[in-house]
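One point on numbering: in the numbering used here, the residue at position 101 of the sequence shown is 99, and numbering is uninterrupted.
No lab work stands behind these hints, which were simulated from the structure alone. Fair warning: there could be bad hints in the mix.
[Unchecked claim] Label-pair restraints from in silico Cβ distances: (1) I250 x G194: 17 to 25 Å; (2) R167 x G194: 21 to 29 Å; (3) G273 x V223: 15 to 23 Å.
[What the hints assert, rightly or not] Below, computed lysine to any residue pairings styled on SDA-like, alpha-carbon distance capped at 25 Å: (4) K282 x V216; (5) K244 x F218; (6) K271 x A177; (7) K282 x T162; (8) K244 x D172; (9) K251 x V223; (10) K282 x K251; (11) K251 x F218; (12) K245 x F218; (13) K245 x T200.
The structure presented is a predicted model; accordingly, all values stated were derived computationally and were not measured. Note that beta-carbon positions come from the ideal geometry of N, C-alpha and C, so glycine has one too.
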Amino acid sequence: MQACQWCGAAEVDAGGCCTGCGRYRGTRSYAVVEPAPYVEPEPHVEPGHAAVNGYAGGVGSYPGEPVSPAAAYHPVSPAAAPPVEESARPARGPVHTPLFLLTVMVAVLVIGSVSVVLIRTSDRGDAPEAGAARSAPATVVPAAASASPGAVVDRCVVGDWAVTSLTGRAEHFDLSTDAGGIFQLRAEGTGTWDFGSGITLTGTYEGVQSEDLISGRVTFGYRTVGQSFSFQNVQNDVREVLSQGKKAPVNIKTGFNLQVAEYTCGGDALRLKFGGFDLRMGRK
-1 MQACQWCGAA EVDAGGCCTG CGRYRGTRSY AVVEPAPYVE PEPHVEPGHA AVNGYAGGVG
59 SYPGEPVSPA AAYHPVSPAA APPVEESARP ARGPVHTPLF LLTVMVAVLV IGSVSVVLIR
119 TSDRGDAPEA GAARSAPATV VPAAASASPG AVVDRCVVGD WAVTSLTGRA EHFDLSTDAG
179 GIFQLRAEGT GTWDFGSGIT LTGTYEGVQS EDLISGRVTF GYRTVGQSFS FQNVQNDVRE
239 VLSQGKKAPV NIKTGFNLQV AEYTCGGDAL RLKFGGFDLR MGRK
């Protein structure tokens, strides 16, 4: 038995493993038995005949001649087979490399799949927003020409205004006056409509000639957007005395339903229109 190529030991155990390092080296070898030497038999030649091709009864012998017996066959004993060298055994390659490559391939596939999902999700997520932007464009409300950026009121309307014309028309009345009190509009978005000692509107009320005396005042907040003048937090402290011919005057507490008015302002002129009323004012 040859010496172990790893540790140099020459002996192996019954399982074929090296007694020095335990590595498998093959089965234990046994003593080699040499086969018996082959002896060439003497050619047998009948008297009076010569051997052909060097032996009796060989190729080229004459018919009818006896053939000498063939040489005996000596099989080789299995024990005589040379021992299998350890280096002849195919070495098993390590399995670490295939496992590593498989892990890398799986990781690449997973990353690729996640990337595709993210891209498709991103595409689907962007599409509705674009569609919404096309189907519902933002409405731009033009600001008043004299309004400053970020302002809640048009600076043109700020100031004290004398009502030079007040007309009120509805289903049951038609009244007007050329002195309709004082409008005071402040820059912080608050205002008052002051009737002083009273203003008188003349015309018809429920088809009857009438005079309507209004006194007191109205306080409110306001905002201007585009050409809209929005009244807010309106508080009325107004009384109304309605006189119709020989009938007794009717004295009641009343108020104006101020909500949203359409307005125009330029220089010293301001006009408000709301709920059947039309007010024309000049700056004081």
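Original post:
Is the straight-line distance between the alpha-carbon of K271 and that of A177 25 Å or less?
Top reply: holds, 16 Å
Subject >> 25 Å limit on alpha-carbon distance, applied to hinted pair K282 and T162 >> reply: Holds, at about 11 Å.
**OP:** Given the hint that K251 pairs with F218, test it: the Cα-Cα distance must not exceed 25 Å.
**Re:** holds, 18 Å
**OP:** Would you check the hint for K244 and D172, treating anything up to 25 Å between C-alpha atoms as holding?
**Re:** holds, 20 Å
Original post:
Honestly, do R167 and G194 meet the 21 to 29 Å range at C-beta?
Top reply: holds, 24 Å
Subject >> G273 versus V223 beta-carbon gap, inside 15 to 23 Å or not >> reply: holds, 19 Å
Subject >> Proposed proximity, V216 with K282 (alpha carbon, max 25 Å) >> reply: This hinted pair holds, its Cα atoms lying about 19 Å apart.
Subject >> Distance restraint between K244 and F218, which requires alpha-carbon spacing of 25 Å or less >> reply: violated, 37 Å
Original post:
When you check the alpha-carbon spacing of K245 and T200, does it fall within 25 Å?
Top reply: holds, 16 Å
**OP:** Please work out if K251 and V223 have their alpha carbons no farther apart than 25 Å.
**Re:** violated, 32 Å
Subject >> C-beta pair I250, G194: status relative to the range 17 to 25 Å that was hinted >> reply: holds, 19 Å
Original post:
Hey, K282 versus K251, does the alpha-carbon distance stay inside 25 Å?
Top reply: The hint is violated at about 29 Å.
In terms of the numbered hints stated before, the structure departs from hints 5, 9, 10 and 12, listed from lowest to highest.
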